[in-house]
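Student: Position chain B against the provided structure of chain A, taking the given hints into account.
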Amino acid sequence: MAVLLNKCEAVSHNFATLKQIPFLLVYKSWWKILSFLLLVYTIVGGFLLDVPKLFILNETIRNLYFHVCMWFGMMILFMVSFVYSIKYLLGFQYRHDIFASNFAAIGSLFGILGYLTGVLWVNVTWVTDQGQSLGSVLKEPKLIGAAIALLIYGAYFVLRGSFTDIDKRARISAVYNIFAFAMLFPSIWIIPRLVGSLHPGAPGSDSGNPALDKNDMDSTMRMVFYPAVIGWTLLGVWIATLKIRVALLAEKNILDNHKSA
Amino acid sequence: MNRILLLLIGFFISNITWAQQNKEVPEMADIMRSNGKIYTVVAVCLTILIGLFVYVFSIDKKIQRLEKK
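Chains A and B are the protein sequences, given in the same order. Just so we're aligned: 36 in the working numbering is position 36 of the first sequence, and the numbers increase by one with no gaps anywhere. Just so we're aligned: 1033 in the working numbering is position 33 of the second sequence, and the numbers increase by one with no gaps anywhere.
The shape of chain A in the complex, shown without the other chains (with noise of 0.2 Å):
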């Protein structure tokens, strides 16, 4: 990555706007097609293939390549803001900061997209079919795990939004996104597991893991479900890149200060 950096830095000091943009791999185009080739694959695939054919889930199964991707791509985004705001209190580059929020942006978006698609699912699983009360909907361990991370993110663009100074919101942001990353996990992943969850693979099953039982998916199921979460993490990227491409032009004049500063 470093060195990936760093020869993107010594082409991109031809070009003077280029120069806040540390990969230029954001102009190539091979991976926004390969995003979308692998979502075509994803809908075709995911409505035409072979599901296993399980009681309850039914042909619901198939939101696996929709829902669980929008969970792995809201924790892929918010892991790398995580890392680009380690970066930023490394070296206070104000662009880090611009990567850091964007990427956190977007993550948010794919969580509440996840949360959205999860609420219509419970309708037709958990409440219909299993005959949960919504006490036990609400009580659910997952849900809340996720509400609680997506809250603290919340928090983070609300304490962005609440400083003047640039330097201090971007410092003080950026070591909240530090503790907010610290805690995104053991929410949505570690408590869940531990006190149990509606979600299949809960403990008790073989699998142990909420969210994700290995036994109900089968071959066919992988071969969608990995390219989908790529598919869709891609697109994800795509989209916050475009956000920090729009931020860096808006904010030229303060990052070009910065550096000669």
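Heads up, a few of these hints could be off.
Said to hold, decoys possible - Here are the simulated DMTMM-like pairs of lysine to aspartate or glutamate, each with C-alpha atoms no more than 25 Å apart in a straight line:
hint : chain 1 : residue 1 : chain 2 : residue 2
1    : A       : 139       : A       : 213
2    : B       : 1061      : A       : 256
3    : A       : 53        : B       : 1030
4    : B       : 1068      : A       : 251
5    : B       : 1061      : A       : 251
6    : B       : 1062      : A       : 256
7    : B       : 1037      : A       : 59
8    : B       : 1068      : A       : 256
9    : A       : 28        : B       : 1060
Unchecked claim - Between beta-carbon pairs, the in silico distance windows are:
hint : chain 1 : residue 1 : chain 2 : residue 2 : range
10   : A       : 167       : B       : 1049      : 40 to 46 Å
11   : A       : 168       : B       : 1046      : 30 to 36 Å
12   : B       : 1064      : A       : 256       : 16 to 22 Å
Rather than coming from a laboratory, the hints here were simulated on the basis of the structure. Heads up, the beta-carbon is just placed ideally off N, CA and C, and yes, glycines get one too.
Tutor: Chain B only, in chain A's frame:
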């Protein structure tokens, strides 16, 4: 190139190991599949996906033009 090939093989190798299917068969949307209406669903989703990608791609190009200025 070799790595990409290996990656692709990795995606599809799991297909070789078939798991055994359940005896009792839960109800699936087989009617939709047999009368071919599932293809309409796929076509609708693909149209939305293509529309979204065209839109995002045009934004990408617009930003690229602004960056060159």
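Student: Check whether the Cα positions of residue 1061(B) and residue 251(A) lie no farther apart than 25 Å.
Tutor: Holds, at roughly 19 Å.
Student: Does the structure keep residue 1037(B) and residue 59(A) at a Cα separation of 25 Å or less?
Tutor: 15 Å, holds
Student: Does the structure keep residue 1068(B) and residue 256(A) at a Cα separation of 25 Å or less?
Tutor: Distance ~16 Å between residue 1068(B) and residue 256(A) Cα, so the pair holds.
Student: Decide if the proposed pair is consistent with the structure: residue 1068(B) and residue 251(A), CA atoms, cutoff 25 Å inclusive.
Tutor: With Cα atoms ~15 Å apart, residue 1068(B) and residue 251(A) stay inside 25 Å; holds.
Student: Between residue 139(A) and residue 213(A), is the straight-line Cα distance small enough, at 25 Å or below?
Tutor: Holds, at about 20 Å.
Student: Has the given pair, residue 28(A) with residue 1060(B), been kept, meaning a C-alpha gap of at most 25 Å?
Tutor: 11 Å, holds
Student: Below or equal to 25 Å on CA atoms is what counts here, so check residue 53(A) against residue 1030(B).
Tutor: 11 Å, holds
Student: Is it true that residue 167(A) and residue 1049(B) lie within 40 to 46 Å of each other by Cβ?
Tutor: 41 Å, holds
Student: Is it true that the CA of residue 1062(B) sits at most 25 Å from the CA of residue 256(A)?
Tutor: At roughly 22 Å apart (the allowed maximum being 25 Å), residue 256(A) and residue 1062(B) satisfy the hint.
Student: Between the alpha carbons of residue 1061(B) and residue 256(A), is the straight-line distance 25 Å or under?
Tutor: 24 Å, holds
Student: Are residue 1064(B) and residue 256(A) spaced within 16 to 22 Å by their CB atoms?
Tutor: Given a distance of about 20 Å, which is inside 16 to 22 Å, the answer is holds.
Student: Would you say the C-beta atoms of residue 168(A) and residue 1046(B) sit inside 30 to 36 Å of each other?
Tutor: 47 Å, violated
In summary, the structure is inconsistent with hint 11 from the numbered list given earlier, while agreeing with all the others.
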